[in-house]
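Engineer: Each chain is listed here by its residues.
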Amino acid sequence: MRAIATTMKTALIEAWTNRKSFWLQVSFMIANDLAIVVFWLLFFRKVGTVRGWDTGHVLVLFGVLANVTGIAMGILANARRLGQMVADGELDAVLALPVDPLLYLLVRRVDTALLGDLVFGPLIFVASGHVTAESSVVFVVASLCAAAFFVSFLVILGSVTLFIGGRGEQAELGFQALLMLASYPIDLFGGFIKLLLFTAIPAAFVTGLPTRLLTHFDWGEAGIFLGGSLGAVLLARLVFHSGLAHYRSGALWTRA
Amino acid sequence: MSWAVYAVAFRSSARRTVQAPGQLVIRVLFYGVILGVLSALWKVACVVNGGTIAGYDFRSMLWYLVASEGAVIAINPRLIEYIGVDIGSGGIAIEMLRPISVVGLRIATALGEALVRFGFAVSLGVAFAWFTVGPPPDLAAVGLALPAAILAIGANLAAQHSFAAIAFWVNDSKAAWFLYQKLVFLVGGMLLPLELFPPLLAHISRFLPFWTMSYVPARLLSGHFEPWLLLVQAAWLVALMAGAAVVFGIGQRKLEAVGG
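Chains as they are written, first to last, in our numbering: chain A, 1 to 256; chain V, 1 to 260.
These are computed hints drawn from the structure, not numbers from a lab. It should be emphasised that the depicted structure is a prediction, and the values quoted were computed from it without experimental measurement. Where a beta carbon is used, it is the ideal one built from N, C-alpha and C, also for glycine. Keep in mind that the hints are not guaranteed to be accurate.
[To be verified] DSS-like cross-link-like pairs, simulated, lysine-lysine; straight-line CA separation at most 27 Å:
(1) K254/V - K20/A
(2) K43/V - K46/A
(3) K9/A - K20/A
(4) K194/A - K43/V
(5) K46/A - K194/A
[Stated by the list, open to error] Here are the simulated distance ranges between beta carbons:
(6) G231/A - S2/V: 54 to 62 Å
(7) V18/V - L41/A: 36 to 44 Å
(8) H203/V - W23/A: 29 to 37 Å
(9) R16/V - L195/A: 33 to 41 Å
(10) E195/V - I164/A: 45 to 53 Å
Only chain V is shown next, with the shape it has when bound in the complex (with noise of 0.2 Å):
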């Protein structure tokens, strides 16, 4: 019964963003700035620096920029906020009227409305790449970077559930959101890849869940065959949905709203 009703919520949402055409289009032409942007960063990078920078030479650099960067576009940027807003103002309080996980609901919604954009954004990036330095580098790594991304995207969204539900307790999570985001960028591999921090802070970056997020799908795109990331991502993706579903449960016990 609930897998349908998550169901639903999904396709409702896919459906709603690809009728809302104008966000779309902003959030794939802001994603084709960001690769413009990267893309004349690295290969400036690329050559003063010989050709290769720790394994990456610009081609595998801007296939693993067309995911890395494609897989958190996908997920609405100011989502912990909007979150957050509904807790903060009771709103939620409606939610928790339904006989089904609040949480739950919440991420197969996001799932929906994140996967149509991943969609498209990666439509434009992969047609930027390829006109620009030609197929990637392993057409083996690529079939398995499109699961990858799925995975990651999931995992992303049951973070910023979790990361949200501060709301709970302070009230206010629009600047978590902040932080949050420059997790993802970072740690996440986001903006560059884990190869090039120095070996503390990638040893560290790999504890944390963020990699799962935007570095995994990129290091499969940009040409390395490296099956067993999709586990770690998967059992990351269990930890993460059983940790926001924990951390909405007590939240949601102590949440006082009035009236509505």
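Chain A extracted, bound-state conformation (with noise of 0.2 Å):
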């Protein structure tokens, strides 16, 4: 763990070398985010509460999903350029070393825009107007589950390239499409697709039961979401080491 420790703040301290380039990224960031809460104030502005849901809602939902894709594209980038680097034969020099290849593969790479979402996050769910002390905990554990559940996510799908081999396409639609359906109200979706969100595209867990929690908790749904959080994890580690089995050499051995 040491090792991994040593990693995660090596890419970190790389990441803040370049001063200048990291404030700006950061900025940017969440000028990003800002143009998307703004689009949510100018919609409810118009068309008034949408089955249950108002801004301050939907700031809540944006404050967990900013935490969310800080920690999953920020902290951890390679989570979803996994498939692309067992295509490329990225794993050599991984496989190599004497740590976790999943674990050091997650940490080694920050992608310094995404860490604007770290600053967002908290400070939009401070504007959504349900901040209180128990809350804020509920913000903090709900965020790093939902992390765990859409990195586990990126996981699998990047891992499904080391069974069927291709460039990790199947990945990068994942990614959009979680990213996108975690971005909507999880109530306008009905039937069949409501279905989808808590199975195969697992957005509900990203945003909509987080939500739910920090505006009506509830310590069984908040039992389930903790032990379906861990249960993704492991399913991701499985499905990673498993197909690890039939990853092929692409004899690079120099980029750790």
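The task is to assemble the complex, starting from two chains supplied on their own in separate frames and drawing on the hints.
Structural biologist: Next comes the structure, spelled out in structure tokens:
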């Protein structure tokens, strides 16, 4: 674990080295996030409440989503690139190291721009008007669990490349679909699509359930959410490690 | 001579896009997901507002989305980032050796790719909208929407190249594409028509180029026969192409590349 912690620290230092670029990218990302919030403000201004959702609820949703993307795409930036790395044979050097290959790959690279989301998430949560001491704790724990779902989903899809080959296209499509569906109130959807959001594309666990816990907390749902996130992580590890047996070397020993 | 080179670049890029069906299918499927999500949102919104919002009923709104999303999804979403990487890494120096405009050739190449994607995506969109709400509200306006979509894609590509040229100065335009993308999403009218904006924001949006990249073809396809919109688009396209050429010209003169 020490090696993993050091790798993560190195990746963060690497991102922090060019201060000017760091702050520029973080600022751009916050501006980017604000644009989406403006969309919802305009929407609710014109439309009013939709199936119980108003501006406050959507701000909570985006607070969670920003934290999730900050963790899953900022701190663990390689999660999204796993399939492509497999296709390019970039696992060779990693497999030779005395560390857990999946953990190492995930913490190896930080995407500076996405770190802006980790600033924006808490700010927008405060702006939502749903902040109390208890909800702040729930916000942090729910964001971590939601990030676990998000990263696990990306790892599973990326690992599929180990079994079927290709360049990880399925991971990119899954990523885009998950992010898109997680950006909208879950109650907009019904029937088959809602079922999909709780299973194949787990957007319900990325923003739907966390937002519900933050607005109407329930111990039973919280327990299911926590257990589910743990299960998702274990499943992702299982799929990745099973897939490694099928990995074919790209003879690239210099990209650890 | 140079027009022939641009035409070849356009054709080769279009052919390459068709020959890489994996990426194409992913973009088209993603477009389908977006349409599904947004149609669910606007369907509920129209119902709770008594059928129409700012003059758009669900039928016209869905056709609006087919064009607004289609014109944007056609373009590689990370184009600005990729151009920035080529500039930042100095890779663009090789392109500067050719006796032809770097930015012109890049836009011709990107246009070939974008129009193929647009064709496939909108085919899916038209099928989806037709099946869900029936034909477009005004067939005459549909005839204007197609050239408007091509102008929209051209204007978007030219603006993206201007935006990406920031990499000549800051060596990293990665974050710039996030911001640019959101300007198109919002003040470009991709997510919602300008008629839903507060008056001041709607007014400002009409002074910016972004509304020509998404709103205009969408407004036409949603049943509004307004031919003057194409003239505005054409004027912005010329201005944006000239802007991209100037910014790239200045940037290329200050580029310092080592090795290669």
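Engineer: Looking at the structure, which of the earlier hints fail to hold?
Structural biologist: none
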